[in-house]
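A.B. asks: For reference, the chains in residue letters:
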Amino acid sequence: MNWTWFHKLGSPKWFYEISGRWLPWFAVAAVLLIGVGLVWGLAFAPPDYQQGNSFRIIYIHVPAAFLAQSCYVMLAVAGLVGLVWKMKLADVALQQAAPIGAWMTFIALLTGAIWGKPTWGTWWVWDARLTSMLILLFLYFGVIALGQAISNRDSAAKACAVLSIVGVVNIPIIKYSVDWWNSLHQPATFKITEKPAMPAEMWVPLLIMVLGFYCFFAAVLLMRMRLEVLKREARSSWVKAEVRAQVETLS
Amino acid sequence: MSFDSFADFIAMGTHGPYVWSAYGISLAVLVINVALPVMARRRYLQDEARRLRREESK
Chain G
5 MNWTWFHKLG SPKWFYEISG RWLPWFAVAA VLLIGVGLVW GLAFAPPDYQ
55 QGNSFRIIYI HVPAAFLAQS CYVMLAVAGL VGLVWKMKLA DVALQQAAPI
105 GAWMTFIALL TGAIWGKPTW GTWWVWDARL TSMLILLFLY FGVIALGQAI
155 SNRDSAAKAC AVLSIVGVVN IPIIKYSVDW WNSLHQPATF KITEKPAMPA
205 EMWVPLLIMV LGFYCFFAAV LLMRMRLEVL KREARSSWVK AEVRAQVETL
255 S
Chain H
55 MSFDSFADFI AMGTHGPYVW SAYGISLAVL VINVALPVMA RRRYLQDEAR
105 RLRREESK
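So the protein sequences, as listed, match chains G and H. Take any residue in the first sequence, note its place counting from 1, add 4, and you have its number in the working numbering. Take any residue in the second sequence, note its place counting from 1, add 54, and you have its number in the working numbering.
Looking at chain G on its own, in the form it has when it is part of the complex:
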């Protein structure tokens, strides 16, 4: 296997150039997918035979919850890469992904509460799925706070990496909480091994929204990482040249 790409990732300059080329594609894909998914899910998907139209909240709830969990796994992978290979970009990715993950967890919890009111008759229950998602939000807060509390960049990177890796134990707990404990929450919508229980006109827009949210995440993460790379590498000559060029387009 060719590992050149992995070693190149160690170079912030290479990352900055390649991400600048990818960013517009992710942004366009996110806008298109979320736009199509939104209209399809809100206006064209049939109402649920039990829940009526409140089920349409699924089209933001599930993508946000998927992304919240995937993002945390990404934090842990970035933390591991940073600890093992001392890759500087891994810490940039970890620090910049954490706030997006926290926002996504917030969306999942909030839309879940709004959906719960007409469906279960309550905004919140201390149930396994809901509680473990709340813990995920606190883990994100922990990573963000830790990253800002330690002024030495290398120490902060190490501490955040360790917290991310330890905290990833919460992800399987979230995933299996609906199987392990009695829960109000319905089981997974998508399973890799089975066909979805809902008809295609319901799950196709959901799949489109999930893909749209992933593209959105990629675009926002790259935007954040590119700025952070510029700040951290401010002393290198290529950043000075790039900032000069960007400043000129600004004025």
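Misleading hints may appear alongside valid ones.
Under the rule of at most 20 Å between Cα atoms (straight-line distance), these lysine to any residue pairs were calculated in the SDA-like manner [claimed, not checked]:
{"hint": "1", "chain 1": "G", "residue 1": "K235", "chain 2": "H", "residue 2": "Q100"}
{"hint": "2", "chain 1": "G", "residue 1": "K179", "chain 2": "G", "residue 2": "N156"}
{"hint": "3", "chain 1": "G", "residue 1": "K235", "chain 2": "H", "residue 2": "R107"}
{"hint": "4", "chain 1": "G", "residue 1": "K244", "chain 2": "H", "residue 2": "R105"}
{"hint": "5", "chain 1": "G", "residue 1": "K195", "chain 2": "G", "residue 2": "W207"}
{"hint": "6", "chain 1": "G", "residue 1": "K244", "chain 2": "H", "residue 2": "E109"}
{"hint": "7", "chain 1": "G", "residue 1": "K235", "chain 2": "H", "residue 2": "A103"}
{"hint": "8", "chain 1": "G", "residue 1": "K121", "chain 2": "H", "residue 2": "A65"}
{"hint": "9", "chain 1": "G", "residue 1": "K235", "chain 2": "H", "residue 2": "A94"}
{"hint": "10", "chain 1": "G", "residue 1": "K244", "chain 2": "H", "residue 2": "R104"}
{"hint": "11", "chain 1": "G", "residue 1": "K121", "chain 2": "H", "residue 2": "E109"}
{"hint": "12", "chain 1": "G", "residue 1": "K17", "chain 2": "H", "residue 2": "L99"}
{"hint": "13", "chain 1": "G", "residue 1": "K121", "chain 2": "H", "residue 2": "I64"}
{"hint": "14", "chain 1": "G", "residue 1": "K121", "chain 2": "H", "residue 2": "K112"}
{"hint": "15", "chain 1": "G", "residue 1": "K235", "chain 2": "H", "residue 2": "V88"}
{"hint": "16", "chain 1": "G", "residue 1": "K121", "chain 2": "H", "residue 2": "G70"}
{"hint": "17", "chain 1": "G", "residue 1": "K244", "chain 2": "H", "residue 2": "S111"}
{"hint": "18", "chain 1": "G", "residue 1": "K121", "chain 2": "H", "residue 2": "I79"}
{"hint": "19", "chain 1": "G", "residue 1": "K244", "chain 2": "H", "residue 2": "W74"}
{"hint": "20", "chain 1": "G", "residue 1": "K244", "chain 2": "H", "residue 2": "G70"}
{"hint": "21", "chain 1": "G", "residue 1": "K235", "chain 2": "H", "residue 2": "R105"}
{"hint": "22", "chain 1": "G", "residue 1": "K244", "chain 2": "H", "residue 2": "E102"}
{"hint": "23", "chain 1": "G", "residue 1": "K235", "chain 2": "H", "residue 2": "V92"}
{"hint": "24", "chain 1": "G", "residue 1": "K121", "chain 2": "H", "residue 2": "W74"}
{"hint": "25", "chain 1": "G", "residue 1": "K235", "chain 2": "H", "residue 2": "R96"}
{"hint": "26", "chain 1": "G", "residue 1": "K235", "chain 2": "H", "residue 2": "Y98"}
{"hint": "27", "chain 1": "G", "residue 1": "K235", "chain 2": "H", "residue 2": "L90"}
{"hint": "28", "chain 1": "G", "residue 1": "K235", "chain 2": "H", "residue 2": "E109"}
{"hint": "29", "chain 1": "G", "residue 1": "K244", "chain 2": "H", "residue 2": "L106"}
{"hint": "30", "chain 1": "G", "residue 1": "K244", "chain 2": "H", "residue 2": "A103"}
{"hint": "31", "chain 1": "G", "residue 1": "K121", "chain 2": "H", "residue 2": "G67"}
{"hint": "32", "chain 1": "G", "residue 1": "K244", "chain 2": "H", "residue 2": "K112"}
{"hint": "33", "chain 1": "H", "residue 1": "K112", "chain 2": "G", "residue 2": "Y218"}
{"hint": "34", "chain 1": "G", "residue 1": "K235", "chain 2": "H", "residue 2": "R108"}
{"hint": "35", "chain 1": "G", "residue 1": "K244", "chain 2": "H", "residue 2": "D101"}
{"hint": "36", "chain 1": "G", "residue 1": "K235", "chain 2": "H", "residue 2": "M93"}
{"hint": "37", "chain 1": "G", "residue 1": "K244", "chain 2": "H", "residue 2": "R107"}
{"hint": "38", "chain 1": "G", "residue 1": "K244", "chain 2": "H", "residue 2": "D62"}
{"hint": "39", "chain 1": "G", "residue 1": "K235", "chain 2": "H", "residue 2": "L106"}
Hints are computed from structural coordinates only; laboratory data are not their basis.
With chain G fixed as given, assemble chain H onto it according to the hints.
C.D. replies: Frame of chain G; chain H shown alone:
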């Protein structure tokens, strides 16, 4: 189309307030997530522009 009229679409059965508040707040959060890095980049470049001008005038 699963609704008969626009009023029907807004009403969402009896679930209008739930569906629209969930979508509204979520969209606002997505917009915030795009706006923050865009504004941060602008601010950083403006600061850098000021710094560069200062250095050149010295």
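A.B. asks: Compare the structure with each hint and give your call.
C.D. replies: Right, here's what the structure says about each hint:
For the proposed pair K235/G and Q100/H, the alpha carbon gap of about 13 Å is at most 20 Å, so the pair holds. At most 20 Å may separate the alpha-carbon atoms for a hinted pair to count; K179/G and N156/G exceed this at roughly 35 Å. A hinted pair counts as satisfied when its Cα atoms are at most 20 Å apart, and K235/G with R107/H qualifies at roughly 18 Å. With a C-alpha separation of about 12 Å, the suggested pairing of K244/G with R105/H holds against the 20 Å cut-off.
Note on K195/G and W207/G: the hinted pairing holds, with a Cα-Cα distance of about 12 Å set against a maximum of 20 Å. Restraint check: the Cα-Cα separation between K244/G and E109/H comes to about 13 Å, which is no more than 20 Å; the hinted pair holds. Distance hint between K235/G and A103/H is fulfilled; the C-alpha atoms sit about 14 Å from each other, no more than 20 Å. Of the supplied pair hints, the one linking K121/G and A65/H holds, its CA atoms being roughly 17 Å apart against a limit of 20 Å.
Straight-line distance between C-alpha atoms of K235/G and A94/H comes to about 11 Å, which keeps the hinted pair within the 20 Å bound. For the hint linking K244/G to R104/H, the alpha-carbon distance of about 14 Å falls within 20 Å, and the restraint holds. Distance hint between K121/G and E109/H is unfulfilled; the C-alpha atoms sit about 59 Å from each other, more than 20 Å. For the given pair, K17/G sits about 18 Å from L99/H by alpha-carbon distance, which is consistent with the 20 Å threshold.
Between the alpha carbons of K121/G and I64/H the distance comes to roughly 19 Å, so the proposed pair stays at or under 20 Å and holds. In summary, the hint linking K121/G to K112/H is not supported, as the alpha carbons are separated by about 64 Å, beyond the 20 Å threshold. At most 20 Å may separate the alpha-carbon atoms for a hinted pair to count; K235/G and V88/H meet this at roughly 19 Å. This hinted pair checks out: K121/G and G70/H have alpha carbons roughly 13 Å apart, not beyond 20 Å.
For the given pair, K244/G sits about 18 Å from S111/H by alpha-carbon distance, which is consistent with the 20 Å threshold. Taking the CA atoms of K121/G and I79/H, the gap is near 16 Å; set against the 20 Å cutoff, the hint holds. For the hint pairing K244/G with W74/H, the CA-to-CA distance comes to about 46 Å; that exceeds 20 Å, so the pair is violated. Taken as a hint, the K244/G and G70/H pair is broken in the structure, with Cα atoms around 52 Å apart against an allowance of 20 Å.
For a cut-off of 20 Å, the pair hint linking K235/G to R105/H stands: about 14 Å separates their Cα positions. In summary, the hint linking K244/G to E102/H is supported, as the alpha carbons are separated by about 10 Å, within the 20 Å threshold. A threshold of 20 Å between alpha carbons decides the hint, and for K235/G with V92/H the separation of about 15 Å falls inside it, so the pair holds. About 14 Å separates the Cα atoms of K121/G and W74/H, which keeps this hinted pair within 20 Å; it holds.
Taking the CA atoms of K235/G and R96/H, the gap is about 13 Å. The hint holds against a cut of 20 Å. Annotation: proposed proximity of K235/G to Y98/H holds, straight-line Cα distance about 8 Å (limit 20 Å). At most 20 Å may separate the alpha-carbon atoms for a hinted pair to count; K235/G and L90/H meet this at roughly 16 Å. Of the supplied pair hints, the one linking K235/G and E109/H holds, its CA atoms being roughly 18 Å apart against a limit of 20 Å.
The hinted pair formed by K244/G and L106/H meets the criterion: a straight-line CA distance of about 10 Å does not exceed 20 Å. Between K244/G and A103/H, the direct Cα distance comes to roughly 11 Å. Compliance with the 20 Å bound is thereby established for this hinted pair. Note on K121/G and G67/H: the hinted pairing holds, with a Cα-Cα distance of about 15 Å set against a maximum of 20 Å. Only pairs whose Cα atoms come within 20 Å are accepted, and K244/G paired with K112/H is accepted, the gap being roughly 18 Å.
With a C-alpha separation of about 48 Å, the suggested pairing of K112/H with Y218/G is violated against the 20 Å cut-off. Restraint check for K235/G and R108/H: the C-alpha separation of about 19 Å stays at or below 20 Å, so the hint holds. Annotation: proposed proximity of K244/G to D101/H holds, straight-line Cα distance about 13 Å (limit 20 Å). For the hint linking K235/G to M93/H, the alpha-carbon distance of about 15 Å falls within 20 Å, and the restraint holds.
Straight-line distance between C-alpha atoms of K244/G and R107/H comes to about 14 Å, which keeps the hinted pair within the 20 Å bound. Proximity of K244/G to D62/H is assessed by CA-CA distance (about 57 Å); at most 20 Å being required, the pair is judged violated. Restraint check for K235/G and L106/H: satisfied, since their Cα atoms lie roughly 15 Å apart, inside the 20 Å limit.
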